[in-house]
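J.: Sequence:
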Amino acid sequence: MPALDSGAETFALPPELTPKRVITDYLRFLGQLGLKKLAEQWGSFKQDDVAVVLSVPAAWSDSAKQTMRQAAVDAGLVHSSDPGALMLVHEPEAAALTVLKEVQDPIAMSEGDSFVVVDAGGGTVDITCHLVERKKGQLVLTEETHREGVLAGSTYLNTMMEDYVRRKLGGTVYDDWKEAKPVDAVKLVHDKVELQKRSFDGTSPIKLEVPLSLLRVIPTTLDARQPTHQGMCNSASKVHPPPPKCRQAFAGSVTHRIVSPDVPSQAVLKGAAMYALAPDAIYARRSRHAYGVETHTAFRRGLRPDLRYTEPDSNKVLCKKVFSSLVQLNELVEHDQVKVGSYVAVYKHQKAVEFNLYACSNNSDRYVDSAAMKKIGNVTLQITDPTKVTDPDAYSFTVSFRLGGSELTATAIDNQTNLEVQTTVIFVAE
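With the first letter of the sequence shown counted as 1, position 228 gets the number 228 in the working numbering; the numbers rise by one all the way through.
Fair warning: there could be bad hints in the mix.
Unchecked claim - Cross-link-like lysine-lysine pairs, in silico, DSS-like; alpha carbons within 27 Å at most:
#1 K178 <-> K136
#2 K270 <-> K320
#3 K388 <-> K374
#4 K388 <-> K320
#5 K36 <-> K46
#6 K168 <-> K178
#7 K197 <-> K270
Stated by the list, open to error - Derived CB-CB ranges, DEER-like:
#8 T411 <-> K351: 56 to 66 Å
#9 D175 <-> D306: 36 to 46 Å
#10 E209 <-> R28: 30 to 40 Å
#11 E144 <-> D25: 33 to 43 Å
#12 Q416 <-> S114: 45 to 55 Å
#13 L212 <-> V118: 15 to 25 Å
For the record, the hints were derived by calculation from the structure and aren't laboratory data.
Predicted model only: the values in this text are computed from it and were never measured.
Where a beta carbon is used, it is the ideal one built from N, C-alpha and C, also for glycine.
Use the sequences and the hints to build the structure in full.
T.: What follows is the structure, encoded as structure tokens:
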């Protein structure tokens, strides 16, 4: 899945597969199993009565989340005609809800408390910081700073271990064995390496038990009994710090103890269910970027002369590539807050109004061609009757953007008819 702007290496798929195909197939079988279990427990029911919640890493791009949503539709989990039946929740936010609702003394949460959730998963490590507030008599969470994530999850530690063994054996010994004994290779990573990760204390050499089939192909010049090099321990410690190192890192900066759930995966699972019942429990989020749209505005003094042009249909002098901001970087946006923009047609008999969405890493840039700007998507507003666009300046739309949820969405009203028009948001694949 396209997820992060990171230097970390991602895993390649076979040429015949795409990330969306893999996710779709996985969700299809997972959905079938889930419906079967529901039927066994609750008897007959309509699939339309089932709400689906999928958890995603906090740092996933809008494009990745849109791909996940489409994969869920293609897998038959929900119908495309009912987008509200599917919710996406950021994994550390789900874990934060579990902390808020279930964790008791000595760190039971109360209004005004702040806490950090570090979600070290298989692919990503995500961090969120929340403030506990009270809204309408209920405790809710507000982000104190925008969430961050990196591709440094447990699967990358597996890769590091495999790379070490590969270098240790030399040549193509390991890869040849992996191709000849794929089951043993899977067991090595998911059983033996996993065991070492769980007991790793950050200092002791790692002693890796390898399958008999691998021992048989180890070069006779290599002493396979010696422990792995300490350098592997040091590298692994940076990727997957053990509990003692976590406590050391935060020593003196927290007022309560660090808590590690007995079953970490259930923290996200339980929180996702809580989110489905009360999405407003994540009351407000910090914007990870400055978001806005590319506009063409009337040229005036102070705008860039090199972007000045004359629109041939109206002979108006305009400035292109102007960034019209919707939300600032790190701005606190409530979950149901709407940012409104007004846009007009450009030329007569226009069939649709299109504009580009941009994300910026600062709050100062004014033009979309700056290095800090990144095009993230395209918005299209369909004009029902293009023949009525006789005066482009007078034909306007009011577009409502929702940027405080787990997904960016938009709806639009044709101000001439006061009717909602078909609005399509397509995010750019990274």
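J.: Work down the list of hints and note, for each, if the structure agrees.
T.: Do the hints match the structure? See the list:
no.: 1; hint: K178 <-> K136; verdict: 58 Å, violated
no.: 2; hint: K270 <-> K320; verdict: 48 Å, violated
no.: 3; hint: K388 <-> K374; verdict: 34 Å, violated
no.: 4; hint: K388 <-> K320; verdict: 25 Å, holds
no.: 5; hint: K36 <-> K46; verdict: 12 Å, holds
no.: 6; hint: K168 <-> K178; verdict: 15 Å, holds
no.: 7; hint: K197 <-> K270; verdict: 25 Å, holds
no.: 8; hint: T411 <-> K351: 56 to 66 Å; verdict: 19 Å, violated
no.: 9; hint: D175 <-> D306: 36 to 46 Å; verdict: 54 Å, violated
no.: 10; hint: E209 <-> R28: 30 to 40 Å; verdict: 36 Å, holds
no.: 11; hint: E144 <-> D25: 33 to 43 Å; verdict: 38 Å, holds
no.: 12; hint: Q416 <-> S114: 45 to 55 Å; verdict: 48 Å, holds
no.: 13; hint: L212 <-> V118: 15 to 25 Å; verdict: 38 Å, violated
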